[in-house]
Amino acid sequence: MGDVIEVLGLRKEYRRFRHGRIVAVDGLDLAVPEGGVFGFLGPNGAGKTTTIRCLLGLVRPSAGGCRLLGADAPGGLSSVIGRIGSIVETPELYPRFSGRRNLELLGAIAGVGRPRVLEVLERVGLGERGDDLVKTYSLGMRQRLGIGAALLKDPEVLILDEPANGLDPAGIVEVRELLRSLGQEGRTVFVSSHILYEVQQTADRVAILAAGRAVAAGPVNEVLRAGRAEGLLVRVEDLHAGLRALAEAGIAAAADDGLLRVEHPATGAAAVTKALADRGLYLSELRADEADLETVFLELTRGAGEASP
Amino acid sequence: MSRLLRVEFRRFAARRLVRITTLFALGGIAFGTFIAYTNHFRLVSMPDVPLGTAFPLVVIGWLLGASFIGAEWHAGTVTTLLTWEPRRVRVVLAKAIVGIVAVFALTLALQVVLTAFLALAASLNGSTTGAEGWLTETGAVAVRVSLLAALAGAIGFAFAAVGRNTAAALGVGFAYVVVVENLVRGLRPEWSRWLFGENAGLFLLGPSNDFPYLERSQLGAGIYLTLLSAILVGAATLVFRTRDVN
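First to last, the protein sequences are chains P and Z.
Mapped onto the numbering used here, the consecutive letters of the first sequence carry residue numbers 8 to 316.
Mapped onto the numbering used here, the consecutive letters of the second sequence carry residue numbers 219 to 464.
Keep in mind the hints are simulated off the structure, nothing from the lab.
Wrong hints could be hidden among the right ones.
As the list claims (entries may be wrong) - If you only want the chain P side, here are some residues facing chain Z, beta carbon under 7 Å, derived:
#	residue
1	Gly64
2	Leu65
3	Val66
4	Ser69
5	Val87
6	Ser93
7	Glu99
8	Arg103
9	Leu113
10	Ala115
11	Ile116
12	Val119
Given the structure is predicted, the values throughout are model-derived calculations rather than measurements.
We treat Cβ as the ideally placed atom computed from N, Cα and C, and that holds for glycine.
The whole structure should be built from the sequences, with the hints applied where relevant.
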């Protein structure tokens, strides 16, 4: 099977009284292959939630379209909705019903019975609080319940909008482990998030959205490599002497926060070491300057105008 | 669709507003029974009782119908529901059907309880003479009152579905009854044949000099009110089908 989520030239404009037209998503193309965790990143207002709402048929695109499991959204969604679990922003459930009752009501729409509800409550850590009213739940517990609702149908595809919102550090780790295990089970987990470290730890592939457009997409390692040149970080006692020595050896470098950043593949560490040693400079630290998703994200989204939600 | 209907019935029955309203109504029934008992209630006047309950029951119907979808909009649970059943027409029609049927059943059940208690009061400390046929006559009026409450619920539902909250529907209802109907009666009395109030009165009471501009029958008034409700629910369904849910 090919891509389970396809977004083709998606554009969504909102007309707001006094604010005119606001473009939330501006010609987005996206393809999410089957299996694994796909991180959908972007600053606030980049259009992540609007894209997810379009995928789930909650808002109608102004142009372009989306396909989920081969079905057009929203027209064909009903044929595949049983294979899709989702949460959109903070999952809204009936506050005066218990967590269990909420899941039972939702499950009844899809023919999911009580045993599965109890199983899911256990899986998201709400087994002992399942009979409490949702209005007594913390934000993190509501988030877990929302994830539980998304899991009820045992779905092939999970679309989760900021699932770690409101969770404490332990909860974030649990969600990370849960997403990983779901991805390893062969499901496709499409997760939007602004917690970049978590996405880097969890996702196999990412797309970075800015001002309603994808500015990078692909396997995490490729996006990291494309976002920042490979380099080495070198610590020497005399930075200026070190810079001169490297320049004389034809190696481009720059001082960076008390270190020398050498734009050189990590495999060229020997040449750097030799250039410095030949001039009597001995390094006290040498390591690869590994780009992280946060740095790449900030570089890619810098200057991108903010769109509306 | 049947699963959706079952879920909506369960949700309607579990609503706090439904329970509170029912409790208040039962309290009113207990109080009314006490008054009837102490005033030597006569069974022959029983058919007038449902007419007396018509206004509060229609208001209750409007409120329950409007809040059934209004509360969903307010809580944001419409989004959650649509991620489980994306066929919006089914979603809104299931809610409308359940709202209408449940309001009819609830208001009819309340009238049955009231009638039973008043009959008991009449037999214990009142009069049952000359009341032949009271049950049939009372039943017919009670069914018409419940039908009217259900239609009011449908109209309240339609306004709340479009306005996205209960207050919008209540506001529209209040403005219509207080302003529009009175303006029409005062300025264009011949148009009053199209008013909800006039047709509701005719449907409940039958032909009367109180409705000089209504040339239709009691059944005709019921059909007109049903058509009006159906058109409003249909319009709300079309709006719900195409609108963005944010």
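Each hint tested on the structure:
{"no.": "1", "hint": "Gly64", "in the structure": "5 Å, holds"}
{"no.": "2", "hint": "Leu65", "in the structure": "4 Å, holds"}
{"no.": "3", "hint": "Val66", "in the structure": "4 Å, holds"}
{"no.": "4", "hint": "Ser69", "in the structure": "10 Å, violated"}
{"no.": "5", "hint": "Val87", "in the structure": "9 Å, violated"}
{"no.": "6", "hint": "Ser93", "in the structure": "5 Å, holds"}
{"no.": "7", "hint": "Glu99", "in the structure": "4 Å, holds"}
{"no.": "8", "hint": "Arg103", "in the structure": "6 Å, holds"}
{"no.": "9", "hint": "Leu113", "in the structure": "6 Å, holds"}
{"no.": "10", "hint": "Ala115", "in the structure": "5 Å, holds"}
{"no.": "11", "hint": "Ile116", "in the structure": "5 Å, holds"}
{"no.": "12", "hint": "Val119", "in the structure": "10 Å, violated"}
Comparing the model with each earlier hint shows violations of hints 4, 5, 12; every other hint is respected.
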